[in-house]
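So the sequences go chain by chain: A and B.
For what it's worth, my numbering labels the leading residue of the first sequence as 1, then goes sequentially.
For what it's worth, my numbering labels the leading residue of the second sequence as 1, then goes sequentially.
I should point out that these hints are in silico values taken from the structure, not numbers from a laboratory.
Computed from a predicted structure; not experimentally measured.
Glycine included, C-beta positions come from ideal geometry on N, C-alpha and C.
Hints are all accurate, no fakes.
To give an idea of the interface, some chain A residues facing chain B are shown, with a C-beta separation under 10 Å as derived from the structure: (1) Tyr84; (2) Asn87; (3) Leu89; (4) Tyr91; (5) Glu92; (6) Asp93; (7) Pro102; (8) Ala133; (9) Arg135; (10) Thr141.
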Amino acid sequence: MTMTTDVTVWDVLERQLRAETTLTWNPDGPVVLAIDSEKGGVGKTGLAGGLIAVMAAHGRRVLGIDLDPRATLTEELGAERGEYSVNDLLYEDPDADPDELPELSGLAGDALRPAGEAWGDNVRVLAAERALANRESDNRTPDLERRLKTSLEGVAEGFDLVVIDLPPRAGGKLVGAGLIAATHVLFPGTLTADGLIGVRDALRTYKFVKRNNTTLRNVGVLRNIVDRRTNVAKYYDDKFIEEFGEDVLDIAVARRVIREEARGACVPITAAGDKPDAKVLINGYMHVLNTVGRAA
Amino acid sequence: MAGLMNAVQKKGGLKKAADATHDPADLSVSNPAGDDAGGAASKGAAQAAGRNASDGAVVNASVSASEKDDAPGGGNAGDAASDSASVGAGGRDGDKASEGAGGNPGGNASSRAGGAAGGSAGQNAGGAASKGAAQAAGRNASDGAVVNASVSASEKDDAPGGGNAGDAASDSASVGAGGRDGDKASEGAGGNPGGNASSRAGGAAGGSAGQNAGGPASKGAAQAAGRNASASAARKASSKAGKKAGRRIGRPAGPPRVPLTVRILTELDEALTQAVEQTGMSPQYIADDALRTWLVQHGYLERARAS
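Here chain A stands alone, though its shape is the one from the complex:
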């Protein structure tokens, strides 16, 4: 579902809220969704947490993979504690005897952590840690960028949705690993200069990675954390449509303070589902999930 008219994002939000929404998730196979922008602060992690919360609340099995060494998704999902992280999956001792190394296929199963209690039993996490940033300068681990994909073999199938939260980097090994492991990618952007740039650059990286991951699909550009209409927001809304054209989705996620409150409390937004602002967000996330599900 892409934007083909000049309807503004605020019109989109109004229409979304009027429509009664139910989750219509029914892809054929596992969906590994990377959330990508090369600028920080555009709501990647918040979107990842929101999608995970809504899926889990509907009884779906969800895996959150945190590829950002800041580990904010890990923290929000209450999964700081655990022996192994995604850093351990991406690392391999090149001096080790290859015959003694564990089989990489399915190895992600060793690193799964349960999410915090508030997230229920449907959510698992491949956690990040600060040392994950070391992988960006790791020139010795063989085929590092493909390790996540291989290690998820047989593991991703155990989930209805795998959400990969990418770091806001201009390409690099972690972004590459995430995009190679993904089946779909979504580009959230705020209606700001940073939001525009982040999507623009991420789309460029996506095109490069797609040469190696030919099955990777672009779900679209999602206008995210949309605030009230201002001249500058309207300007960038126009720029999004002008620059990204049909890649711009005709859905959006509004800005609501309660999202930050939930994030700070490390609880899913669905835990506050009776509050009007939470309902607005859940509605937005559900539209996103339905769009991803249709694309899958």
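With chain A fixed as given, assemble chain B onto it according to the hints.
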């Protein structure tokens, strides 16, 4: 949903990343899996040498080399490498050195790191340990020269004795000079084109290593390796290679020697490594002794003297 955690039964396989406790912001400590560090890290000596320590290690290598310029053969190139490794390990980053060297305190760690590097360097022309040392040394000084040094060294792991440590070092100098900064190398080597310049630099350095107890050659190599990052590195390497370094006052000159490259059985190589590590002797003397015994036994030495 307990099944989620065991979606695939691969228990017991995953291990912690070697740098899981390495803060990515800490640039003063080597990242064992970083650009040049991985192999080195796993080999102890290299894990010991930090980014900056490795810088120092190269400098120390050249200093050690020059200090040992009266010692015979390229064996001292190996010694220089081991010294640099131990200084780099123990001096700059003692804790990690001790971890890397097997849990010994810093002092032992540095001697062990040095010993290993020296042994390999002396006998295997800078094999594993010296490769690690070179890689660690190269991290900041960077460089291709050091990496080349290790490559050259490891490529020559079948070459005997310390003489080949000198050769390997000089080769690395020539590769570093010609490969990285060929123009300057050629200037330094007398205006020859890059290819000739590197050969000449290597040849001269190798000769010096063999004949002059590894002093000038290994010094030149170490300097070339350590400073290859700068534009003057190749020039220095090549200019050093072209002339003999002065002998330090108070050091006796050894008997004249010539370089000799042969391949030896791995069994003998391993035994030689142990002998060097345990006795502290240079492999040069062991090679001399073994040759002398055989040549005397078969009468060749006497005949050579008579002629």
